[in-house]
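Q: Residue strings, one per chain:
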Amino acid sequence: MNRKNLPGFLVFLVCIGLFPVFATRISAIQHYLDVMIFGGIFGIVAIGLSLLMGYAGQISLAHAAFMGIGAYSSGILTTHFNFSPVPALFLGLLITAIIAFSVGVPSLRLKGHYLAMATLGFGVIVHIIFSEEVNWTGGPSGLVGIPGFGLGDWKLKSTLQWYYFVWLWVAVSILIALNLVNSRIGRAFRAIHEDEKAAEAMGVPTARYKVQIFVVSAAMAAFAGSLYAHYVEFINPGSFDLVWSIRFILMVMVGGIQSIWGSLLGSLFLTFLSNEWLQVFAELEILIYGIILFIISLFFPDGLFPVIFRFLAQQLERRYE
Amino acid sequence: MNEASEIPILEIRELGKSFGGVEALHDITFSVPSGVIQSIIGPNGAGKTTLLNCVSGIIKPSHGKIYFLGKPIENLPPHRIATLGISRTFQHVALFKRMTVIENVAIGRHSKTRSGFLACTLRLSSMRREERDIFTKAEEWLEFVGLSDEMWKEAGSLPLGKQKLLEVARALAAEPRLLLLDEPAGGLNTSETEQFGDLIERIRNLGITILLIEHDMNLVMEKSDYVVVLHYGKLLATGTPREIKRNPQVIEVYLGKEE
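As they're listed, the protein sequences go chains A and B.
For the record, in the first sequence the residue sitting at position 149 is 149 according to the working numbering, with numbers rising by one throughout.
Add 1000 to the 1-based position in the second sequence for the working numbering, that's all there is to it.
Calculated directly from the structure, the hints in this document are not laboratory data.
There's no promise every hint is true.
Stated by the list, open to error - Covered stretches of chain B (chain A as the covering partner; in silico rule of three or more C-beta atoms under 8 Å from a C-beta of chain A):
1. 1090-1098
2. 1126-1139
Unchecked claim - Here are the simulated DSS-like pairs of lysine-lysine, each with C-alpha atoms no more than 27 Å apart in a straight line:
3. A:Lys4 / B:Lys1097
4. B:Lys1137 / A:Lys4
5. B:Lys1060 / B:Lys1071
6. B:Lys1097 / B:Lys1137
7. A:Lys197 / B:Lys1137
8. A:Lys4 / B:Lys1153
9. A:Lys111 / A:Lys197
10. B:Lys1097 / B:Lys1153
11. B:Lys1234 / B:Lys1223
12. A:Lys197 / B:Lys1162
13. B:Lys1112 / B:Lys1071
14. B:Lys1234 / B:Lys1071
15. B:Lys1153 / B:Lys1071
16. B:Lys1162 / B:Lys1223
17. B:Lys1060 / A:Lys111
18. B:Lys1112 / A:Lys4
19. B:Lys1245 / B:Lys1234
20. A:Lys197 / B:Lys1112
21. B:Lys1071 / A:Lys197
22. B:Lys1234 / B:Lys1060
23. B:Lys1153 / A:Lys197
24. B:Lys1097 / A:Lys197
25. B:Lys1065 / A:Lys197
26. B:Lys1112 / B:Lys1097
27. A:Lys111 / B:Lys1137
28. B:Lys1137 / B:Lys1153
29. A:Lys197 / B:Lys1060
30. B:Lys1162 / B:Lys1097
31. B:Lys1153 / B:Lys1112
32. B:Lys1071 / B:Lys1245
All residues carry an ideal CB built from backbone N, CA and C; glycine is no exception.
Please put together the full structure from these sequences, using the hints given.
A: If you want it as structure tokens, here you go:
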């Protein structure tokens, strides 16, 4: 971690560490611990997607599918084959990486809408497989009986343990992402995003880098999927469909497309929005997402949070002038 | 002349390129000796940029050979050609506009650095050392072209003249053997063009060979050691500026037929 990011990261660790202290004492927000676990899991997906979309400039409408591949790998390996969670997780990551590589090599030659269509098509196919391979996946009614996470005698028992476990991995994801972004490879990603031809002429192997970040990003989604499967102990295809892929994109966009912290904030915001604040709207939820997406892409293409932060900074400056 | 010791840095042999039915380049053969400033001139549509794009690998020639220091490169992808030591600027400025000036130059160091995915995500000490080297060198090259004061600005916010200088700094950061400049003075005013001429000479004095496309005839004739004239995709003439100025075919193309 370079010096520029260190203070922010420490603040983050302190906030995450202290949150349960308050949450467990105030009964009105006790269940926020559970929401935060989901927010963290989705945050890992969003951080990976931000690397791919915000930095390397390649869109993916398949990230829910990759998350699902991770979740179903863990689910099937533990329930059908008696794997313990940790080896199942690693095998799931390997499977996802291989699939992402085979999908990425041909699709990443495509640009813009065509790449979106290709990844969308892949996502739909994966979703159909989850629904139709009833013997393995349990079909539309889902896969039950997935064990909790643990290794040997050690098991995650309480919500609090899960909270710290998930957010430990969020912290690791943040660390990896920030390091990558502030390196020659991260700069090369942004160069690819801005002008692929010029990046190539400067010696950046654009095709290889695009596939690499696609695989890394997919593997992060799969990792989150595996955590999800073990936490909920039940998965069904509905958690990994196109709407979810769009939600992940929305999380990244709300937070500011080229911002690791922003994508985490975005995923927390949207998770709380759908779990807590928008429940009254039920079926209308998707409509509200649509409106948010519409407004952001039209008026705040840099993301909602950066605009808010800039506004607050301006107000502060004005006050102290 | 001792032929064996003097391998030309760039040798183009019977190079051809057609787009659909249109022949943009037709059997072009010439070479660029090491350490010179060589210009390619010709009217619009003569195939100059197509030729440069073939050399840097952005487009693949339909036939013919391109040798860089004796090695064929016409089938290599652009990033491999860049790594071998050919760097370039673009006719229409192709900077990474939303990145800072110094970050743009840092990208130029890409082919000279090695840190992989793992080293970067773990910030190994080798990576951190390399990172320091990248930014030290980037600062040096910005100073070389005279952009030290603009280091932290967004590249897209610079005026055109400075953007063109930044493109040169970015290309130089790769420490190329051969630098391809595609109309570096296009859109510049007279004094800026003059400065550019000086810059080109300073680059050559570093031992870097320059292949230059330029419309400004004063700049070309004053600075070039050799000039290649293209006309409708064909090689019309090669020679020193003095020879080119007297070449009747060139005069005809540029000044119209004298009756």
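Q: Quickly compare the C-alpha distance for Lys1060 (chain B) and Lys111 (chain A) to 27 Å and report which way the hint goes.
A: 20 Å, holds
Q: Given the hinted pair Lys1234 (chain B) and Lys1071 (chain B), is their alpha-carbon gap at most 27 Å?
A: 24 Å, holds
Q: Are the Cα atoms of Lys1071 (chain B) and Lys1245 (chain B) separated by 27 Å or less?
A: This hinted pair is violated, its Cα atoms lying about 33 Å apart.
Q: Between Lys197 (chain A) and Lys1137 (chain B), does the CA-CA distance stay at or below 27 Å?
A: Holds, because 23 Å separates the two Cα atoms, which is no more than 27 Å.
Q: Mind checking, does the segment 1090-1098 of chain B have 3 or more residues with a CB under 8 Å from chain A?
A: holds (count 6)
Q: Compare the distance between the alpha carbons of Lys111 (chain A) and Lys197 (chain A) with 27 Å, and conclude whether the hinted pair is satisfied.
A: Satisfied, since the Cα-Cα distance of roughly 13 Å is no more than 27 Å.
Q: Take the C-alpha atoms of Lys1137 (chain B) and Lys4 (chain A), compute the straight-line distance between them, and say whether it is at most 27 Å.
A: 21 Å, holds
Q: Hinted pair, alpha-carbon criterion (27 Å max): Lys4 (chain A), Lys1097 (chain B). Please report holds or violated.
A: 22 Å, holds
Q: Are the Cα atoms of Lys4 (chain A) and Lys1153 (chain B) separated by 27 Å or less?
A: Distance ~18 Å between Lys4 (chain A) and Lys1153 (chain B) Cα, so the pair holds.
Q: Between Lys1097 (chain B) and Lys197 (chain A), does the CA-CA distance stay at or below 27 Å?
A: 14 Å, holds
Q: Within a Cα-Cα threshold of 27 Å, do Lys1097 (chain B) and Lys1137 (chain B) meet the stated pairing?
A: 20 Å, holds
Q: Are the Cα atoms of Lys1162 (chain B) and Lys1223 (chain B) separated by 27 Å or less?
A: 21 Å, holds
The earlier numbered hints that this structure contradicts are 15, 27, 32.
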